[in-house]
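S.K.: Below are the chains, spelled out letter by letter.
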Amino acid sequence: MEFALSSEQALLQESLTRALETHASLAKLRERVAAGNTRDQTLVDALAEFGVYGVITPGEWGGAGLSMLDAALVSEALGRFAAPVTYVADAVVAPLALVEGGSPAQQQEWLPQLASGKAGACLALSEAAAGARDGAGVTEKNGKLTGKALFAFDAAGAGVAIVATKDKRLFLVRAEHFTLKKLPTIDATRAIGELTFKDAPGEPLKAEALPRLLAAARIMLAADTLGAASHMLTAAVAYAQQREQFGRLIGSFQAVKHLCAEMAAQIEPARSLMWYAAYAFDEAPEEAARMAAHAKAHLSEIGTFVARTSTEVHGGIGITDLLGLHYWFKRIGLNRQLFGGPERLRAEAAAHYGWSATA
Amino acid sequence: MDLAYGPAYEALREEVRAFAAKHGKDAPRGGAGFGDMRPWQKLLIENGYAARTIPKEYGGYGAKPDPLASRIISEEFLAAGLPTGMSGQGISMLVPTLLELGTEEQKQKYIGPTLRGEMIWCQGYSEPGSGSDLASLKTRAHEDGDDFVINGQKIWTSTAKQADMMFCLVRTEPDAPKHDGISYLLFPMSTPGIDVRPLTTMTGGAEFNEVFFTDVRVPKTSIVGKRGEGWRVANATLRHERGMLGDPNQAMTRFKMLVDMMNEETVDGRRLGDDPIWRDRLMKLEAQVLAMGFNGLRNLTAAAKGEFPGMSAVVVKLQGCELNHELARFAIDALGELGILYESGEHLRNNGRWQWQYMFDLGLIIGGGTAQIQKNIISERGLGMPREPKLAAR
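Protein chains in written order, with numbering that gives the first Met the number 0: chain R, 0 to 358; chain B, 0 to 393.
It should be emphasised that the hints constitute simulated quantities derived from the structure, not laboratory data. Careful: at least some of the hints might be erroneous.
[Claimed, not checked] Straight-line distance between alpha carbons at most 20 Å, and here's what the computed EDC-like set of lysine to aspartate or glutamate pairs gives: (1) B:K389 to R:E243; (2) B:K225 to B:D179; (3) R:K165 to R:E207; (4) B:K255 to R:E347; (5) B:K283 to R:E342; (6) B:K304 to R:E1; (7) R:K167 to R:E202; (8) B:K41 to B:E56; (9) B:K283 to R:E300.
[What the hints assert, rightly or not] Cβ-Cβ distance ranges computed for the label pairs, FRET-style: (10) B:G309 to R:R307: 21 to 29 Å; (11) R:P57 to B:L2: 17 to 25 Å; (12) R:Y352 to B:G80: 15 to 23 Å; (13) R:P57 to B:G335: 51 to 59 Å; (14) B:F307 to R:E30: 38 to 46 Å; (15) R:F245 to B:Y8: 53 to 61 Å.
Ideal placement from N, C-alpha and C gives every residue a C-beta, glycine not left out.
Next up, chain B with everything else stripped away, as it sits in the complex (with noise of 0.2 Å):
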């Protein structure tokens, strides 16, 4: 144990400081739109604090993999208080599944748009019929001449509206076992037969849409990886969907939230902190948040070492996700009868991000691989434990 960064990586922490401090002024404010992101987003590739390992030629800074300057990098921004660089599933999903699966071609036409914010991208990938059993997936693409054309209906897909492109997954081979039919397929959102359908949650707002395809038809070229091979090449995406969600920072931002919270907040003039029950809810949470904070300083290291940290790294989503939407529970409850307050209004606390995120952060555990799928991937892969036996074919 050593929890010393040492001093090559101290000099890194010092040039983002002084990168912060120089910078800062011209950071986009939060809620910026991704038009506003860009220039930012260019500033950052430049100096090695966004797309850092990805190479030179595919418009990135080209720095090996590290994850203790990733972490640096991270912590810095964050306690200066600046956006990072640019996120969504183009650049945190398909980049990387691109990088391991594409070819060349595609690299040099996707990945430099997509790193610098110029092409936005959404995932295709659930179907109303096919949520955690995603390999069941229906929406046909049928070969035609040089194309292949396509016919059904995606959910949940995020962004579709801002959306540049889509990367899809369709049945290519309806006769072959569900995980050997199925294409991975980039295409254009523009693509004559796409209709978007905003689809509105519990939280009033439209995080999500449907998005119907009638006699799409995109060139076979648009494939990645082989014909059948689709469900290999999601799983390199999905791996990483799941180390983004249950990010052990995000639950210690909102455990200072709260912290400011028990300090400001009052009720009959006492302070919520000074108040046993509430101190004693908070304080079982703040053990939490630092339990999953010090095992993502375990993952880390084990990342750090080009090794698989094992069960630590596998629970991190259900804990995670689970974690936070407690922490928003507990804002909630504590703001008693301020709580029940949404939108606006003059006693509405933080703009109403509690029962927003409340609402929001139901839908991470569901998404993402559900908590019930994320059990199995425990007991299964990590102890071991055998399937479920498959039900006898009807």
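Chain R on its own, in the form it takes in the complex (with noise of 0.2 Å):
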């Protein structure tokens, strides 16, 4: 028995994270703000390098074929420094749908495109994940996609996108046969948009992958809103140790203290909650879904906490552009309403007692 990351993992973990303070650092994520570059290519390049596109895909099509637990600690660490950059569709989501969904085909056309970094994908699940808004929703008819599907991730230099029809079924539809609106959010590191469909000529996957690509994309968010929180745990702590007032830090003082403490006490627990879903991804499928729920729910629970609380240690710079600890409370914002807001996670996951509101 061992619940512990691997010697790998935390190798992974490190090199990983020296990599982005160099290629993801605050001073750049402002200029890629400031440019509206949510997937930039120097970044793409960077990352493509340690391979982190491929990080699922199985080795015959260019990938690395590592764990959901590793593609999870990779999105841990995009989301420690708030990365603009899309990856949970290119990297974990769009290639799970093709290898557990897509035909050989597919299979051969994408996968490798994916895993090099070279293609981009977007998801289209909002409407399957957490339910339709504005009367959104997408049909198919003789192998034509009409519709909207609001809310669509990582929509930035996509190829193609993963789209849930309004009966639960996957397509796939190529980047020509559908328009993309910029939805502005909250959250300017990450790009989200609206895709329209008319007649839109859809490939079909296998819809039994739908529950799985929503346990991964959950899996993916709640591991991003861990890294952003224990970033902004970490810049409380430093930010305590450094400001004066009363002619003594402000991090001595039991009022602040406790506040840094509790946001550790949530963080750490969660943190085991977070692996073991990740690790029933692929070793305790039974459970994969209702342990994503309860990871993402319960992130984003502690993800708000830790926002709020690190913000509030800070003080009054701590809700300025200057010091720009802003970028990951509003990540922290975004993940929390996308693939399902806690309610309706915890809902899912109160399925499995058999419990439902219509009985």
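Each of the two chains sits in its own frame; use the hints to bring them together as a complex.
M.R.: Laid out in structure tokens, this is it:
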């Protein structure tokens, strides 16, 4: 029994963090955000060199064939830097859709491109994951898709979209067959869009893959929030050890220390839950959907608490653009809402016990 | 990550299951006294299911420390609904302390009878004026010939009424700095001059006592460690105590009871489980129970390698005790008006356990290092934040 990261995984975290310190600094984040750049090519290239885009893709298509936990550790590292890059769709969910739901021809065409970072993907799964708002939804007839998909994820530079229809079937649609409108959101580090389909040719993927895709996306966002929350705690602790008031470091006041302790006390067990959810995705598939729902709901609650508390520890400077802490605050806020908010995810988790509001 | 235990451990699991099937009928029932527990305890020690890692020469089973084996044993006992070995402060706190710091004579004299449940201990640490600031304790032991003579008072002493012996912190060097003037003594509760008075708490029970000492004479050989080094000895023991509180298995057991409640209880004929409000609240708690459970596995993995897990271990007392308390809170809320019932009566659920637990657990949040002390520990030792500056001497 070994409930711990392997030495390879620890090394992956460490070296990826070092690379991101160079390629995803706060100064670079500001430049990219100012340019509206949410899939920065230099960052994509740096990550591609690292093999990040092929993390879970099997070796026969040019990937590393690693586990969902490895993919989650990458997501956590990107969250720690609020990195403005499309990873969840390109490297994890779209490849998974192809590996578990694609035809050999689809796999051959798309997996190598995605694994090398040459092609991007976006996810039009919001209606299936969180329910339809404003009458959104896509329908299929004779192989043609029509309708709108809101809150498409990683909608920047995508060559292909993975689309769930109202009746929960899955299709692959090439970029030339839909129009993309970017949706301005609180989080400028992420690309969120509205996709419109008009008789767009949809290439079917196996519908059974849909719950797996949602579970994977939820694990990735939970891990991203974990990374972002860890950063916000580190930032709060560092600030409290440098800021003086009343002639002493504010970090020596129990009122401030206890806020930091509460953040740490929430984050650390949540990390264990995230590890398990990612592990279960590969090793205990019968539990995967439920654990992913719990992990994302729980990390969303903790993330919200940490985002608010860390900002508060910083005092007035915490809410300024000058400090930049708000990028993480907003990233955590965005993660919470997408692919199902905590209440919806908990309702899904409750189904395990046979409980439902309509009984 | 590999959650499989492997063939050697699975063999142990089979062995424990076979034991449970064969001997389960001999197990004492819940609420059994110390006397009724002894034959069961003896059987468990012989089979290595209690006192597993205590050396044979001191009355234990003599296995190498193996947290994974211990976990399998406790899992299987829990699954079979059998009581594990005796616990209590003698076995869980004093015995490890003596093994680490006791003399050979003390080990021989105390460990065996304690393990067998023939010698029950209580802990004399807290005082009315010394709670979180334990090192300020004032119970005095002055030297008189070959004896120490003890005067003062202890409080929050559980099992003092039943105990044969006390392990106790006293001030032997009143002029030394507070941490350097304390000694750790062991003595019988039958020693003349000891007066035990039950302390009734908000639960209505007397789970604790006050213990008064008037010219209590104990031989100098009762000391563990050197004179004035009692603080170091006590810290060895406190380390063992914090490991005991906030056990994730307890939270999982309680959570399962709540799931049953959601299935069994109805309001206007509708199951609680089908009410979105209770469902949402319970699922929120389930995520926390799972998180603490997996966190426990992480700590277990580190312990099995002989490593200190760091932050994931430092937060256990705070988070575990809060979670247990929240689970009791949920039960009371979900029971609605039934939740006010207590002690007895036809409508009472689970013998009034949830109200009792909600009140008793608040004591656990405070005891063994309050939540605020835990937050100091997490921020100072875990996050490296500065200590509160000391006040200038008054």
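S.K.: Hint says 51 to 59 Å; check whether the CB-CB distance for P57 of chain R and G335 of chain B agrees.
M.R.: 54 Å, holds
S.K.: Just tell me: holds or violated, for the beta carbon distance of P57 of chain R and L2 of chain B against 17 to 25 Å?
M.R.: 23 Å, holds
S.K.: Under the criterion that the straight-line Cα-Cα distance not exceed 20 Å, is the pair K283 of chain B, E300 of chain R satisfied?
M.R.: 9 Å, holds
S.K.: Take a look at whether the Cβ-Cβ distance between F245 of chain R and Y8 of chain B falls inside 53 to 61 Å.
M.R.: 56 Å, holds
S.K.: Next pair to validate is K304 of chain B with E1 of chain R; report whether the Cα-Cα distance is within 20 Å.
M.R.: 10 Å, holds
S.K.: Just to be careful, I want the Cα atoms of K389 of chain B and E243 of chain R compared with a cutoff of 20 Å; is the pair within it?
M.R.: Roughly 17 Å separates the two Cα atoms, so the pair holds.
S.K.: Quickly compare the C-alpha distance for K255 of chain B and E347 of chain R to 20 Å and report which way the hint goes.
M.R.: 18 Å, holds
S.K.: Does the structure keep K283 of chain B and E342 of chain R at a Cα separation of 20 Å or less?
M.R.: Holds, because 9 Å separates the two Cα atoms, which is no more than 20 Å.
S.K.: Taking 21 to 29 Å as the hint, is the beta-carbon distance of G309 of chain B and R307 of chain R inside that range?
M.R.: 25 Å, holds
S.K.: At the C-beta level, are Y352 of chain R and G80 of chain B separated by a distance inside 15 to 23 Å?
M.R.: At roughly 22 Å between Cβ atoms, G80 of chain B and Y352 of chain R fall inside 15 to 23 Å, so the hint holds.
S.K.: Should the hint that F307 of chain B and E30 of chain R are 38 to 46 Å apart at their CB atoms be regarded as holding?
M.R.: 42 Å, holds
S.K.: Has the given pair, K167 of chain R with E202 of chain R, been kept, meaning a C-alpha gap of at most 20 Å?
M.R.: With a Cα-Cα distance of about 14 Å, the restraint between K167 of chain R and E202 of chain R holds, given a limit of 20 Å.
Of the numbered hints given earlier, the model fails none.
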